[in-house]
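K.L.:
Note that this note's numbering gives residue 72 to position 81 of the sequence shown, counting from 1, and the numbers run on in steps of one.
To be clear, the hints were calculated from the coordinates, so they are not data collected in a lab.
All residues carry an ideal CB built from backbone N, CA and C; glycine is no exception.
Treat the hints with care, as some may be off.
Label pairs and their calculated CB-CB ranges [said to hold, decoys possible]:
hint, residue 1, residue 2, range
1, L271, D295, 34 to 40 Å
2, P44, M367, 55 to 61 Å
3, E195, E127, 31 to 37 Å
4, N355, E263, 24 to 30 Å
5, K226, K289, 38 to 44 Å
6, R368, C229, 38 to 44 Å
7, K212, D36, 26 to 32 Å
8, D36, E290, 39 to 45 Å
9, S53, K192, 45 to 51 Å
10, M367, S314, 27 to 33 Å
11, D187, Q261, 29 to 35 Å
12, W186, E360, 57 to 63 Å
13, K289, L60, 42 to 48 Å
14, E363, K337, 18 to 24 Å
In the BS3-like style, the derived pairs of lysine-lysine whose C-alpha atoms are separated by at most 27 Å in a straight line are [claimed, not checked]:
hint, residue 1, residue 2
15, K332, K364
16, K275, K332
17, K332, K309
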Amino acid sequence: MNKVFEWSWATMMMVDKNPNSVKDIEVLDLVWNNTTDAIFTIGHDGAIINANPAFEELFGWSVSEIIGLSFPPFFSHITKAEHQEFLQKLREGRNFPYVVSKRKHKDGSVLDIIASYRSINNQDIIAVGMYKNFTEQMKIQRLLQTSEDTYRTLVESLTEAIIVQRHGKIIFLNSAGVKLFGQKRLEDIIGKSIWDFVSSKQKETFEKMFIRVLGQNNMDKALSISGEFIRYDGKLICAEIKVIAIKYQGESSLQILIQDISEKRNYEAQLEYLAYHDPLTGLKNRRKFTTIVEESIKEAEMTDEKIAIMYIDLDNFKAINDSLGHNVGDELLQQFANRLKSSLRKNDELCRVGGDEFLVLLKNITDNEQIEKAAMRMQSIFNAPYTINNVTFDVSSSIGISVYPEHGTLVRYLISHADQALYKAKENKNKYVFYS
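Required output: the full structure, derived from the provided sequences and hints.
P.N.:
As structure tokens, then:
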């Protein structure tokens, strides 16, 4: 199965969390226009608002033909009443990831698809839908009823791992499965217990899923979960697992399709990192910092403690950057960030706002004397000479300070007041000033 489907869905969720980020919107636009999976948006009235190019490729209808339709023609498998009931669940914020279903092509043929719906509920749309064509994989399943030899031939051509297990024993495995589990020979795996390859913390979840699939009357219906498998070398494999009941060698069995989504997990981690970190210094960015301060304010309310926001700015950074070059300026910012980190306690937080500006959160403060000592300690560390490209120079810094709850109880006010205090501190440079 195309890993882009996994990446596309991860991107949709990331952008949903950060809908106002230009960078995230650009990532979403890239996925919308380049994924092979059909993506469409649904309005509050249930009508389709827009669809991507892959939608036309999958269903044969042009985007203009389906925009505005609240019960589009590819919904041949359900009634209008059922569809309205489903739309109401989306309006209520329900999500539906990885549902195996059927849709109709414009030429009348029926497609097996994996449908995912993400509830958004913003001003314009209630949900984003995403369809993956699963028709060929389902054809393979149905061929089992007539020809095991044909089945074996077809699954050997797949890049996904296919396991057939009965009573917990592996009775068939394709070449991709042998490779996935880190072996070279099929004989080393056939006959082994499926539980030898399942993470112990997920064994109960898998058992319940297998029992549920075997208890279904419909052998075309697959169930899907995310989980972990264990290779022979002990390495964990992050996987998307789809399980379906089949007849194999005349007996009820389970077919398990395993899609390695380790790359998807890495992709999500990269998106998460880019969304919340400064690429130059590796520090958290203002977006993440703001979230942390909000949580710290809630904690401080319960403990009657103070927190402090420090707005820090390097003195005369522009002159250094202009005279010695941007490479030296970047190196100076990195060294300054490292010194700043070393001056903080373990539970304090730090972010780079941009340019030569940084924000610090001091937690668990009982009095302003603690804050003053922290500011003096920081400036003492900052004022030590910097050496870059065999050039040594001194750089001082100015600090503006606001304190919760004296100077505000909301993040935006605390940061704004610290910024105003910084402006006063920079009048004399190398000073720290409390907001007043």
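K.L.:
Against each hint, give a clear statement of whether it holds in the structure.
P.N.:
Structure-based check of all given hints:
The hinted range of 34 to 40 Å is satisfied by L271 and D295, whose Cβ atoms lie roughly 38 Å apart. Take P44 and M367: their Cβ atoms lie about 60 Å apart, and the range 55 to 61 Å holds. Restraint check, E195 to E127: a C-beta distance of roughly 32 Å satisfies the suggested window 31 to 37 Å. Distance hint check: the CB atoms of N355 and E263 are about 27 Å apart, consistent with the given range 24 to 30 Å.
For the pair K226 and K289, the supplied restraint of 38 to 44 Å holds, since their beta-carbon distance comes to about 40 Å. Restraint check, R368 to C229: a C-beta distance of roughly 43 Å satisfies the suggested window 38 to 44 Å. Our hint of 26 to 32 Å for K212 and D36 holds, since their Cβ atoms are close to 31 Å apart. Range check, D36 to E290: about 43 Å between beta-carbon atoms, so the 39 to 45 Å window is met.
Between S53 and K192, the C-beta spacing of about 48 Å keeps the proposed range 45 to 51 Å intact. Distance hint check for M367 and S314: the Cβ-Cβ separation is about 29 Å, which falls inside the suggested range of 27 to 33 Å. Our hint of 29 to 35 Å for D187 and Q261 holds, since their Cβ atoms are close to 32 Å apart. Checked against the hint of 57 to 63 Å, the C-beta distance between W186 and E360 comes to roughly 60 Å, which is consistent with it.
Separation of K289 from L60 is about 45 Å and conforms to the stated range, judged on CB atoms against 42 to 48 Å. Range check, E363 to K337: Cβ separation about 20 Å, and the 18 to 24 Å hint holds. Pair hint K332 plus K364 holds up; C-alpha atoms about 16 Å apart against a cutoff of 27 Å. Only pairs whose Cα atoms come within 27 Å are accepted, and K275 paired with K332 is accepted, the gap being roughly 12 Å.
The hinted pair formed by K332 and K309 meets the criterion: a straight-line CA distance of about 22 Å does not exceed 27 Å.
This entry satisfies every hint, going by the numbered hints stated previously.
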